[in-house]
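Chains as they are written, first to last, in my numbering: chain A, 1 to 298; chain B, 1 to 797; chain C, 1 to 162.
FYI, nobody ran anything at the bench for these hints, they're computed from the structure.
Check the hints yourself; a few may be wrong.
[What the hints assert, rightly or not] To give an idea of the chain C side of the interface with chain B (calculated C-beta under 7 Å), a few residues: (1) 15; (2) 92; (3) 138.
[To be verified] With a Cα cut of at most 35 Å, we get these calculated DSBU-like pairs of lysine-lysine: (4) 155(C) with 19(C); (5) 56(C) with 718(B); (6) 118(C) with 16(B); (7) 307(B) with 243(B); (8) 19(C) with 62(B); (9) 166(A) with 239(A).
[To be verified] Pair by pair, the computed Cβ-Cβ distance ranges are: (10) 156(B) with 267(A): 43 to 51 Å; (11) 693(B) with 150(A): 37 to 45 Å; (12) 15(C) with 30(A): 24 to 32 Å; (13) 774(B) with 233(A): 27 to 35 Å; (14) 711(B) with 233(A): 28 to 36 Å; (15) 15(C) with 292(A): 38 to 46 Å; (16) 276(B) with 70(C): 39 to 47 Å; (17) 233(A) with 160(C): 53 to 61 Å; (18) 213(A) with 693(B): 50 to 58 Å; (19) 233(A) with 146(B): 48 to 56 Å; (20) 71(A) with 160(C): 47 to 55 Å; (21) 519(B) with 12(C): 49 to 57 Å.
All of these numbers come straight from a predicted model, not from anything done at the bench.
Idealized CB from N, CA, C, for every residue including glycine.
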Amino acid sequence: MSSTRVISVDFECRIPRKLEEALEALNEEGSQVLAGGTDLLNNIKINAVKPSRLVYVLGIPELEFISVEGGRLIVGAAALLSDIEHNRQVVSRFPALVEAINVIGGTQIRNMATLAGNLCNASPGADTPPILFVLDAEVEICWTNGGTGAQRSRLPVGGFFTGPKKTVLKQGQIVHSVSIPLPPEHSGAAFRRLARVSLDIAKINCAAYIERDGDTVHEARIALGSVAPTPVRAPTIEKALDGRRYGGGLFQEAAELVEEDIAPIDDVRSTAEYRRQIASLLVREALQEAWRRSGGKG
Amino acid sequence: MSDKTYYFLGKDFPRKEGRARVTGREVYPSDVVLPGMLYGKILRSPRPHARIKSIDFSGAQKLGAVVLAPNDTPQEFFNVRQVSVPRSTYKDWRILSDHVRQVGDPYAAVAAETEELAEQAAEAVQVEWELLPAYFSIEEAMAAEDNLIHDKVYLQDKEIPIQNNIACTREVTEGDVDKGFAEAEVIVENEFVTPRVYHCQVEPRGCTCRPEPDGGITVWPSTQALHNTRILLGQLFDIPLNKVNVIRITGGGHFGSGIHTNPVILITVALALKAGKPVKILQSREEDLYDHCRYPTRYTLKIGAKKDGTLTAGQMKAWVDIGSHHVQALAFLGVLAGWWHSLYRLPNMRYQGVAVYTNKAPTCAMQGYGAPQVTFGVETTMTILAEKLNLDPIELRANNYVGLGEIFWGQGPTIRSLIHSDGVKELLYTGAEKIGWDKRPDPKAQSGRLRRGIGVARGFHTSGTGAPVPGEVKDFTTVQVKVNEDGSIDILTALMDHGGGTLDAAAKLVAEEFGVPFDKVGISPADTRSTGYDVCTHATRGVYCGAGAVLDVAQDTKKILLDYASRILNAPADSLKTRPDEAENEGIIYVEGMPEKNITIREVAQTAMNNDWGTAISARSVRKVNCPPAYTTFFVEVEVDMETGMVRILRVVAGSDAGTVINPALAKGQLEGGFYRGAGMALLEDTDYDPKTGQLTNRGLLTDYKMLGAVDLPDPEKFEIFFAHTYEPTGPMGAKGIGEAALNPVPAAVAAAIHNATGIWFTKLPILPEDILRAVREERKRDGKKAPGKPQAVPER
Amino acid sequence: MKTAITLNVNGKEYPLEVKANEILLNVLRDRLGLMGTKYGCGIGECGDCTVLLDGKAILSCQSLAFTADGKKITTIEGLEHNGSLHPLQQAFIDEGAVQCGYCTPGMILSAKALLDTKPDPSDQEIKQAIRGNFCRCTGYTNIIRAIKTASEKIKDQGRKQT
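Based on the sequences and whatever the hints tell you, model everything.
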């Protein structure tokens, strides 16, 4: 039986001061990134992973930032969840992101964990991916081939997850930052979730984003968590809303299409049946709130 | 609460342990450190049912670890729980066995210089298993004819054959049940299911043991049972008891999980004796989750009544899935009958209980010991009956409860005593007024997404297990009280305080009796060599039996003190009174009617010493010959979201009949804490197993053993707590218990509130949002488009 | 392989050599003898191991010791000054917020981190601040009351000083 009291596996640590040093150190098989550690240490304790080297990335200045440039909010991989949720730019422009972060763990966890870490852990029920999906966030990945400096590439957050606990990251690659386009006028986003208790992983979560054109939905984006092996978008609903005029039970009607886009299972937190039953409710509520935040009436 | 006025009782003082606990200086079992100590690690079965074919310790030994195999430990059968008398004690435990009966069952142990090394040594042990069929439900287990979980067990010293994995059975019959049901005009029958709740005491269990040069041992365990642990250790390791010293140490919560001597204690001692060095073992949380849990129950309950609400007969058949070992399931089957019998007057009753082994964690006492389980079914049935009879549920209860002048079964059918105090009606009527019972919603009239409901349930717990005629359960406490040479007082007893304030209560009673400032009364550190036997702090006996014993002995000591004072004051001892002088910080002895003729206790003690009269000191064992019910009533208001099935608790009114309330703030804390754990049992707590692997579905991680948190509970001002104005004539200064009574009716009250909101009865706990939503949807389907209204689980007869 | 680090705990510097896999909780307890910080679950669910790192509440069971190099750590042992209790400690005793007491150190530290940034919190803010701290005894009501009482007291002290 594993023990959460001690770590019995031996590994070495690296505390790089520069990103490139970190990337070099990560190229070796068995090396893993240590950021907040709130997921990684659990996985080590329960013998789910056995790293031979941990590369500590908090404190690397190139990763430790939250900024707005080029019309995007950019959150470095070493930015803590609590820093993000209290950042003035984030609070004023991305209230739904703040809500999604605020439900994660207790204060202590948010003082340790990072947004990048929440993505890299790739839990199907993680709370930030749905909102990042609908905000069209991109993940910037970086690595080094040795001596060539840091290589970077960007991909939409939707392409980042490949399965439960699995991402596109290869040995030596880390998330550099997550960037989100600043929302246009007449847009709004919302986050909803249900869990057993307030300190919990979601049974199901959901985010919605709406760009409004007068009283019609110019564009809608919906994503859900804990209803499939990875967080998923809900294209059927999105299509059903495109260009539609608000009212007449539009959101309810569209939300009921959610069945098409999800494939929930039974697990220790809830049942597939329940998840199916409440998915449309959460989508409807998220759409309604996103609409309200976009300045829409009703 | 009584109307008498006291110097200390009923007033709040900072608790004596407070300062140590807020500064991090309290020493818990986790914190014991000894020079040269090794750290132990228990090897636990990865399989639910298996035998060891071969075991290879060489990898661990290469790392320098001390290893302990089953045959290194005594192979005698015993029971870890020693509260019952020997003739009622089943024995199926061994310290380590090569036959493992659940995932997490200990089969070996290692010790090394650091915890990390011990962990590595444990990982290096190689075992080859012979797999056996495993059983995860009562049905599967009872269908088995061979490959049983236990092939033999002992009752006292007699070998008992086990069939179909049935651990034990118990039947209780009173009156003529068939005749009683024939007289009934209404009968309600339902099946109730209660969950396998985990205690989740904040500190996982652990132990440290030091072998002594004289062949003895000193032990610092997580336990509620100091002396029973000592006796078991002496017996198993063949050490005379005067060389077995078990130290009282504050545990980080127990809730019943330490009434028995937990395996970790026995294994620590065995390892320390083998190593010849001190050994400490601290269980990880995941080990602890495989170590103990509440008894789950499934039972059918049938109750008959006349149209006027008089109950005529009851029948209960209960099945208990006890897991891999017997922690005195016979006693548990007995209390199920006892609690049921003592809730409402049933002239005719028949009870059958069956305890069945399965390949899961062993079940043991947890706050309420069967009472929350039984109270859930009985209280639900009473409300259903009231509705069928068109009676107010409160009136039906007030007319049928077992109260003043009647017989109470305090710990199963063999512990019976007369009820001398009874605040039940006050609790019911005052609570009803406070919650607004008359304005509670009509479930049929509610519509919309959020629906409110108010529910009531009442219950009790025994105060200890004393009775005029001793039964299956031991109950006495030994105490020494002495007056020190400066007039301060020491209480020495093995009585334990699990956080509720038992020892503070004892100190207050002594301060009151002697008339000395509270600060002058000290609780001495205790161990089993310096104290006499105390059965343990369980069964809500702490204040009534334990502190009651302290008061009785304090009175003996006071007699000696007053005799000394009478010599000095030249007045007869029975004319002397005492009072505290807070300004001088002294206890004063004075002649009644002549307050100017007085002397401080300090001066009396000093004079007695200087004149060689001796110390005012006495010690003896005290058995209480009653077990008064400590009644409680809970009114709960909830809001149910009909679209998600989520339940929010809005308001709680809790009434307690504890007799004289000694520590008001701590007593209130008991009720708030009891409510929180009871609501958790009602709404979410349970442990389940994956039959494919035999593992807990939560894998032993708190990530998936959820409890209500601060955010999930109502704000402090939404908790209203009140105490009945009663005085228990057999109790210490009128007091009886609270502890377990604070939880017992809670699940039933929550279920009743959910019914009041939704119109649906839930008879299986926990009531999850998934269950509520499913029931609401079924109801809607049944009623076509109509909103839910009709109760669902009420059978028509 | 060991790494040389310096932990600044309760204002005192401790130069240490730690292995990469050593958990901060275990270093505080086993090597510095600061037993007030507790193990409860090992996976970040219970908050018993809460300490303040540069003033912020964190979980010492989810921190490797080397990552705390050079940081300021406050444990429960660091709250008492010259024999007088921090207002939170006193309020926990006075309000009956301490039962078994095992969760108390972590709970008080989470409350301290709250009051240091928000001297006058609402019930909701208190509940959110202690969401990551689990108490099995009290049902939280007396804990919330104690934190409110302490916040009043701290404000009073502040007024007297200015």
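These are the hints, each one checked on the structure:
Taken as an interface hint, residue 15(C) does not check out: its beta carbon lies about 20 Å from the nearest beta carbon of chain B, beyond 7 Å. Given the 7 Å rule on beta carbons, the hint for residue 92(C) holds: about 5 Å separates it from the nearest Cβ of chain B. Interface hint status for residue 138(C): upheld, as the beta-carbon distance to the closest one in chain B is roughly 5 Å, under 7 Å. Taking the CA atoms of residue 155(C) and residue 19(C), the gap is about 43 Å. The hint is violated against a cut of 35 Å.
The straight-line distance between the Cα atoms of residue 56(C) and residue 718(B) is roughly 31 Å, inside the 35 Å bound, and the hint therefore holds. For the proposed pair residue 118(C) and residue 16(B), the alpha carbon gap of about 31 Å is at most 35 Å, so the pair holds. Distance restraint check for residue 307(B) and residue 243(B): the Cα-Cα separation of roughly 65 Å exceeds the 35 Å cut-off, and the hinted pair is therefore not satisfied. Straight-line distance between C-alpha atoms of residue 19(C) and residue 62(B) comes to about 22 Å, which keeps the hinted pair within the 35 Å bound.
The straight-line distance between the Cα atoms of residue 166(A) and residue 239(A) is roughly 28 Å, inside the 35 Å bound, and the hint therefore holds. Taking the beta carbon of each, residue 156(B) and residue 267(A) are about 46 Å apart, inside 43 to 51 Å as hinted. The hinted range of 37 to 45 Å is satisfied by residue 693(B) and residue 150(A), whose Cβ atoms lie roughly 44 Å apart. Distance hint for residue 15(C) and residue 30(A): a CB-CB separation of about 30 Å, consistent with the stated range 24 to 32 Å.
For residue 774(B) and residue 233(A), the hinted distance range of 27 to 35 Å is satisfied, since their beta carbons lie about 28 Å from each other. About 30 Å separates the C-beta atoms of residue 711(B) and residue 233(A), a value consistent with the hinted range of 28 to 36 Å. Here the CB-CB span from residue 15(C) to residue 292(A) is close to 57 Å, at odds with the stated 38 to 46 Å. Our hint of 39 to 47 Å for residue 276(B) and residue 70(C) holds, since their Cβ atoms are close to 42 Å apart.
A hinted range of 53 to 61 Å for the beta carbons of residue 233(A) and residue 160(C) is consistent with their spacing of about 58 Å. The given range of 50 to 58 Å is respected by residue 213(A) and residue 693(B), whose C-beta atoms sit roughly 54 Å from each other. Evaluation of the 48 to 56 Å hint for residue 233(A) and residue 146(B) yields a pass: the beta carbon distance comes to about 55 Å. Between residue 71(A) and residue 160(C) the C-beta distance comes to about 51 Å, which sits within the given range of 47 to 55 Å.
At about 33 Å, the CB distance of residue 519(B) to residue 12(C) disagrees with the hint of 49 to 57 Å.
Hint check: violations occur at hints 1, 4, 7, 15, 21; the rest are consistent with the structure.
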